[in-house]
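Just need the whole structure built from these sequences, with the hints factored in.
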Amino acid sequence: MPALRFDDVTKSFPHHAGRMLLRDRIREWMRGAPRQRFEALKDVSFELAPGESLGVIGANGAGKSTLLNLATGLARPDSGRIEVNGRVGALLELGAGFHPDLTGAENLRLNAALNGLSRRETAARFEEIVEFSGVREFLDEPLRTYSAGMGMRLAFSVLVHTDPDILLIDEVIGVGDQEFSLKCLEKIRQFQREGKTILLATHGLELITSLCQRAIWLDRGRVVQAGPAHSVAAAYQAGHATAMSTAF
Amino acid sequence: MRKWRGDPLFLIQNLVLKDFRIRYRNMSLGILWSLLNPLVMMAVLTFIFGRVFGNPKSATFPLFVLCGLVPFNFFSGALQSGTTSVIEGAGLIKRVSVPSTVVPIASVLSNCVHLLIQLALVLALTLLYHLPPAPSWLWLPVLWSLFIVFVCGLALGASAINVFIRDTRYVVESFNLVLFWLVPIFYSFTIIPPKYVVLYRFNPVAALVLAMRDILIDRHPPAGSIVVNMAIAAAVSAILGGAIFARLKPRFYDYI
Chain W
1 MPALRFDDVT
11 KSFPHHAGRM
21 LLRDRIREWM
31 RGAPRQRFEA
41 LKDVSFELAP
51 GESLGVIGAN
61 GAGKSTLLNL
71 ATGLARPDSG
81 RIEVNGRVGA
91 LLELGAGFHP
101 DLTGAENLRL
111 NAALNGLSRR
121 ETAARFEEIV
131 EFSGVREFLD
141 EPLRTYSAGM
151 GMRLAFSVLV
161 HTDPDILLID
171 EVIGVGDQEF
181 SLKCLEKIRQ
191 FQREGKTILL
201 ATHGLELITS
211 LCQRAIWLDR
221 GRVVQAGPAH
231 SVAAAYQAGH
241 ATAMSTAF
Chain R
249 MRKWRGDPLF
259 LIQNLVLKDF
269 RIRYRNMSLG
279 ILWSLLNPLV
289 MMAVLTFIFG
299 RVFGNPKSAT
309 FPLFVLCGLV
319 PFNFFSGALQ
329 SGTTSVIEGA
339 GLIKRVSVPS
349 TVVPIASVLS
359 NCVHLLIQLA
369 LVLALTLLYH
379 LPPAPSWLWL
389 PVLWSLFIVF
399 VCGLALGASA
409 INVFIRDTRY
419 VVESFNLVLF
429 WLVPIFYSFT
439 IIPPKYVVLY
449 RFNPVAALVL
459 AMRDILIDRH
469 PPAGSIVVNM
479 AIAAAVSAIL
489 GGAIFARLKP
499 RFYDYI
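Line by line, the protein sequences are chains W and R. Every letter in the first sequence is one number past the one before it in our numbering, and letter 106, counting from 1, is 106. Every letter in the second sequence is one number past the one before it in our numbering, and letter 231, counting from 1, is 479.
Honestly, the hints are just simulated from the structure, not real lab data. Keep in mind it's a predicted model, so treat the numbers as computed, not measured. No residue lacks a Cβ here, since even glycine has one placed at the ideal position from N, Cα and C. Do not take every clue at face value.
[Stated by the list, open to error] Only pairs whose alpha carbons sit at most 27 Å apart, straight line, appear in this in silico DSSO-like list of lysine-lysine: (1) W:Lys42 <-> R:Lys342; (2) W:Lys42 <-> R:Lys443; (3) R:Lys342 <-> R:Lys443.
[What the hints assert, rightly or not] Over 10 Å on every C-beta distance to chain R, these chain W residues come out as not near it, computed from the model: (4) Phe13; (5) Pro14; (6) Met20; (7) Gly97; (8) His99; (9) Ala113; (10) Val130; (11) Glu137; (12) Asp140; (13) Asp177; (14) Arg220; (15) His230.
This is how it looks when you write it as structure tokens:
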């Protein structure tokens, strides 16, 4: 049984340009013409066995985030099937679910609840989460006084203490300082040793080649190449080089 | 959508606490603001309708007005914040895998913090008028629970529709404005001409106002028809609102 499987998944978004008022609805209904749609992912298929780590490479707007959001269950595909087996933990955006006016400790509890921890689990893991985040002295300060790196530490710390079987991470790892990045990497490696599944989307090719066995390269919503991480990364870099040389 | 394995009660509690903290941390007077609004309104309405127009029931008129204001305030505030809650919770709904149903419910329940403060004010004023606690007070938690369920249902429906038709919040705003006059806040139910009674009969906000006055001022249990009216309103609103929300929520992601 795969931990995560995409089967010919297509996802499009309506072009609505903020037109969500009643008159737009009526106009649409009178014309009977559906809105134009933008295809963010087109026929994407891949499979991730339990314990495997997959990197997703691609330029901005290639569909990486859409892919992760679909895997998290936030959005639904237009067609195709997504199979997920296990508890998903996702870190999709720095500060998602955090509020600047709440203190670090309050944000910690809120995010633990959002990520599915019960009251008892939150109380039991509170110390561990604080310890790992390294922001103990600022726990009673509002989050808006935190640096981006400190916020990231707290978010990552809550996430890794929610026992996910499948960890989905989008882009955010690079935010912390050197020391914390190493701590994150160490934690991810520990997850890998524990047999957890990881899906990592990033521009950082180094991160992908050092952490993932396999990778897929997305370009404008399609899988251009899939295979061993180092060869996909190399092809992506080469592809970029040609694109750059033709552009100039 | 995939099942979210978590503790919904713990989550709602945290969301309510969040709203409460954000709202009050930025106010120097804190919860006094919750008391100030109904007190000022009570004073103004008492002056206008008790003194200027002259009202026969003026002995307990301030309490009479407050029994109307508190349900109306809760209804309009909770429905307003509930309606916009899904749009305003975009950061949550689009980025964290939580059941979106908790968002409007938590928004309505956040208003219950105000409500408790205002209800305490009503009870304090009741005692001040030498109307001691009576067994019929036990009806208050029952009726208010039904009313909160009723508002949650409305908020679920309105918040889901508001995602696709953003004018919904303005419709709700105007509706609340009209409702202020169509709920017997500063006048008595008995002065309404019989041919207009139907306007009030199926209005759960008016029903709660009448029940509050029955219980606190006239010191007897609410009429059976009021309880039935409110129970039916709560059930219909919860079922209908829940169904609308469930139907629309798979498409929220694409539209918020």
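Each hint, compared with the structure:
Proposed proximity of Lys42 of chain W and Lys342 of chain R is supported: the alpha carbons are some 21 Å apart, at most 27 Å. For the hint pairing Lys42 of chain W with Lys443 of chain R, the CA-to-CA distance comes to about 62 Å; that exceeds 27 Å, so the pair is violated. For the hint pairing Lys342 of chain R with Lys443 of chain R, the CA-to-CA distance comes to about 50 Å; that exceeds 27 Å, so the pair is violated. At roughly 5 Å, the least C-beta separation between Phe13 of chain W and chain R is not larger than 10 Å, which violates its mark as non-interface.
Separation of Pro14 of chain W from chain R is inadequate, the least Cβ-Cβ distance of about 6 Å not exceeding the 10 Å criterion. A cut-off of 10 Å between C-beta atoms contradicts the statement that Met20 of chain W is not in contact with chain R; the least separation is 5 Å. Remark: the non-interface label on Gly97 of chain W conflicts with the geometry, its nearest Cβ contact in chain R lying 5 Å away (cut-off 10 Å). Against the 10 Å criterion, His99 of chain W falls within the reach of chain R, whose nearest CB is about 6 Å from its own CB.
The beta carbon of Ala113 of chain W is not kept farther than 10 Å from every beta carbon of chain R, the shortest such distance being approximately 4 Å. Separation of Val130 of chain W from chain R is adequate, the least Cβ-Cβ distance of about 17 Å exceeding the 10 Å criterion. For Glu137 of chain W, the condition that its CB be more than 10 Å from all CB atoms of chain R holds, with the nearest at approximately 21 Å. Once the 10 Å rule is applied to beta carbons, Asp140 of chain W is consistent with being away from chain R; the minimum gap is 13 Å.
The Cβ of Asp177 of chain W sits about 24 Å from the closest Cβ of chain R, beyond the 10 Å cut-off, so the non-interface label holds. At the 10 Å boundary, the C-beta of Arg220 of chain W stays outside the reach of chain R, the nearest C-beta of that chain being 19 Å off. At roughly 31 Å from the closest C-beta of chain R, the C-beta of His230 of chain W stays outside 10 Å, upholding its exclusion from the interface.
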